[in-house]
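Protein chains in written order, with the numbering used here: chain F, 1 to 234; chain P, 1001 to 1234.
One should not assume that every hint holds.
Here are the simulated SDA-like cross-link-like pairs (lysine to any residue), alpha carbons at most 25 Å apart as the crow flies [what the hints assert, rightly or not]:
no., chain 1, residue 1, chain 2, residue 2
1, P, K1031, F, T25
2, F, K164, P, N1138
3, F, K210, P, N1155
4, P, K1165, F, A29
5, P, K1218, P, I1114
6, F, K164, P, T1206
7, F, K31, P, N1155
8, P, K1210, F, E151
9, P, K1055, P, H1080
10, P, K1067, P, Q1168
11, P, K1212, F, D2
12, P, K1003, P, T1070
13, P, K1154, P, G1167
14, F, K158, P, Q1168
15, P, K1149, P, L1182
16, P, K1188, P, L1204
17, F, K3, F, R42
18, F, K164, P, K1212
19, P, K1210, F, H80
20, F, K158, F, N180
21, P, K1212, F, T142
22, F, K164, P, H1080
23, F, K5, P, K1055
24, P, K1149, F, Q137
25, F, K164, P, E1151
26, F, K210, P, T1025
27, P, K1003, F, L82
28, P, K1067, P, T1025
29, F, K154, P, K1158
These aren't lab readings, by the way, just hints derived from the structure by calculation.
Protein chains: 2
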Amino acid sequence: MDKGKLYLIPTILGEGTQNAVLPSTILEAIKETNIFIVENLRTGRRHIKKIDKEKNIDTTTFYAYGKYDTINLEQDFLKHILSGQNIGLLSEAGLPCIADPGSEIVAYAHNFQIDVIPLVGPSSILLALMGSGLNGQNFAFTGYLPIDKLERKKNIRKLEDISKKTGQTQIFMETPYRNNQLIETLLKTCSNSTKLCIATDITLPTENIKTKTVVEWKQTKTNINKKPTIFLIG
Amino acid sequence: MDKGKLYLIPTILGEGTQNAVLPSTILEAIKETNIFIVENLRTGRRHIKKIDKEKNIDTTTFYAYGKYDTINLEQDFLKHILSGQNIGLLSEAGLPCIADPGSEIVAYAHNFQIDVIPLVGPSSILLALMGSGLNGQNFAFTGYLPIDKLERKKNIRKLEDISKKTGQTQIFMETPYRNNQLIETLLKTCSNSTKLCIATDITLPTENIKTKTVVEWKQTKTNINKKPTIFLIG
């Protein structure tokens, strides 16, 4: 029997954007799949139902691999996929395995020569980079900055230093309710000539992508409290 | 008068894949735009015509910003966009401004507070990373490796070192006709336990994404001559 496939299924970054950001292959993959691995069961089910309105959620199996769940890779993944069933891996927002722990499941699949099919969808990281005007030929995403204040400043200085020395754009993010504090720390820590891009609400009608030097940002009052944002320096 | 917008318009990675990888927003943006900046005039026109079959190419203006062209940003870009016309920026393949010099045009747009709208489309870099099973929470793309053999080996060792020390996945590429030589050099240079992902023909029916340790790759004969490929180590 042929093995099933592991589809990596992107989800939307904000309500009501599915037609704008998801190509039709995603609907086809969902139609061919009856087992999904998601970060959160409730929102995972909603995502699937929104994209494929005809899906019978009651006969569809959902496994969670979020913060407080552990999936049994042998029982809940390998057994199904070796018996020919496709499995879909979803992130809470955007591309699975990017800025989330999904890659562990993909790595497990590679050990058993299972076909992994990544599907096209929205990545706030790359959309922000495209829109920033900063170097897209050499870039790094380092996730969340450390929470400890001193460590955080040290980290920002290190990222600024790498970008100055190598031209590599440095991309990072923050829990949305701490965005404003992060801006404050960035403006205090970085040198005036450093370029900072703040990319907020990517793909939403309120999308806002602005790149300015640190000294220019200091002249603006920016309030992006609780809005999903990607930060870039270069 | 309102300024025009700068749309960053993704293109397909291989023939015949437009329905699979491009969401409908791209068609809408092309309909609203009559000036395009492209890397190559001939293929740029073909891309636009393929996505919007009704577009009258004869009444559409194309500017080239490829290797051998220079665009006059004031005349060919600013004048149009300040007079309310939208401009579309296209790459030869995939996302504009990622692994191409388009970001210079976006940076120029930011100087004049022009709205930059990045659109969702295929990125071989991120699709390869998703499919690799390697760390997607910390990663860097560094473009092409140096051509000089010694420099190249030094660079590979440096990338391997960063990935070992920080867990940061290192992503890079090669001119397709030198792919096989690069594999040879990687297998000679990296340590046996390093994980190497070779992701070929992304989004095409022949797509192949495999992650193995260097010692496992040494036992396989891999021929990806002339096939577009992304390499990842982690």
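The hints, checked one at a time:
1. Restraint check: the Cα-Cα separation between P:K1031 and F:T25 comes to about 23 Å, which is no more than 25 Å; the hinted pair holds.
2. Simply put, F:K164 and P:N1138 have alpha-carbon atoms about 19 Å apart, close enough for the 25 Å limit, and the pair holds.
3. Restraint check for F:K210 and P:N1155: not satisfied, since their Cα atoms lie roughly 33 Å apart, outside the 25 Å limit.
4. Between P:K1165 and F:A29, the direct Cα distance comes to roughly 37 Å. Violation of the 25 Å bound is thereby established for this hinted pair.
5. This hinted pair does not check out: P:K1218 and P:I1114 have alpha carbons roughly 51 Å apart, beyond 25 Å.
6. Pair hint F:K164 plus P:T1206 does not hold up; C-alpha atoms about 40 Å apart against a cutoff of 25 Å.
7. With a C-alpha separation of about 44 Å, the suggested pairing of F:K31 with P:N1155 is violated against the 25 Å cut-off.
8. Under the criterion of a C-alpha separation no larger than 25 Å, the hint pairing P:K1210 with F:E151 is inconsistent with the structure, at around 37 Å.
9. Taking the CA atoms of P:K1055 and P:H1080, the gap is near 19 Å; set against the 25 Å cutoff, the hint holds.
10. A distance of roughly 31 Å separates the Cα atoms of P:K1067 and P:Q1168; the hinted pair therefore is violated under the 25 Å criterion.
11. Under the criterion of a C-alpha separation no larger than 25 Å, the hint pairing P:K1212 with F:D2 is consistent with the structure, at around 22 Å.
12. The straight-line distance between the Cα atoms of P:K1003 and P:T1070 is roughly 23 Å, inside the 25 Å bound, and the hint therefore holds.
13. Restraint check for P:K1154 and P:G1167: the C-alpha separation of about 19 Å stays at or below 25 Å, so the hint holds.
14. Restraint check: the Cα-Cα separation between F:K158 and P:Q1168 comes to about 15 Å, which is no more than 25 Å; the hinted pair holds.
15. For the proposed pair P:K1149 and P:L1182, the alpha carbon gap of about 10 Å is at most 25 Å, so the pair holds.
16. A threshold of 25 Å between alpha carbons decides the hint, and for P:K1188 with P:L1204 the separation of about 30 Å lies outside it, so the pair is violated.
17. Taking the CA atoms of F:K3 and F:R42, the gap is near 28 Å; set against the 25 Å cutoff, the hint is violated.
18. This hinted pair does not check out: F:K164 and P:K1212 have alpha carbons roughly 34 Å apart, beyond 25 Å.
19. For the hint pairing P:K1210 with F:H80, the CA-to-CA distance comes to about 21 Å; that is within 25 Å, so the pair holds.
20. Using a Cα cut-off of 25 Å, the hinted pair F:K158 and F:N180 holds, with the two alpha carbons roughly 21 Å apart.
21. Taking the CA atoms of P:K1212 and F:T142, the gap is near 24 Å; set against the 25 Å cutoff, the hint holds.
22. Between F:K164 and P:H1080, the direct Cα distance comes to roughly 33 Å. Violation of the 25 Å bound is thereby established for this hinted pair.
23. Pair hint F:K5 plus P:K1055 does not hold up; C-alpha atoms about 38 Å apart against a cutoff of 25 Å.
24. Of the supplied pair hints, the one linking P:K1149 and F:Q137 holds, its CA atoms being roughly 21 Å apart against a limit of 25 Å.
25. Annotation: proposed proximity of F:K164 to P:E1151 holds, straight-line Cα distance about 22 Å (limit 25 Å).
26. Taken as a hint, the F:K210 and P:T1025 pair is honoured in the structure, with Cα atoms around 22 Å apart against an allowance of 25 Å.
27. Using a Cα cut-off of 25 Å, the hinted pair P:K1003 and F:L82 is violated, with the two alpha carbons roughly 56 Å apart.
28. For the hint linking P:K1067 to P:T1025, the alpha-carbon distance of about 29 Å lies beyond 25 Å, and the restraint is violated.
29. A distance of roughly 23 Å separates the Cα atoms of F:K154 and P:K1158; the hinted pair therefore holds under the 25 Å criterion.
Hint compliance for this structure: hints 3, 4, 5, 6, 7, 8, 10, 16, 17, 18, 22, 23, 27, 28 are not met, and every other hint is.
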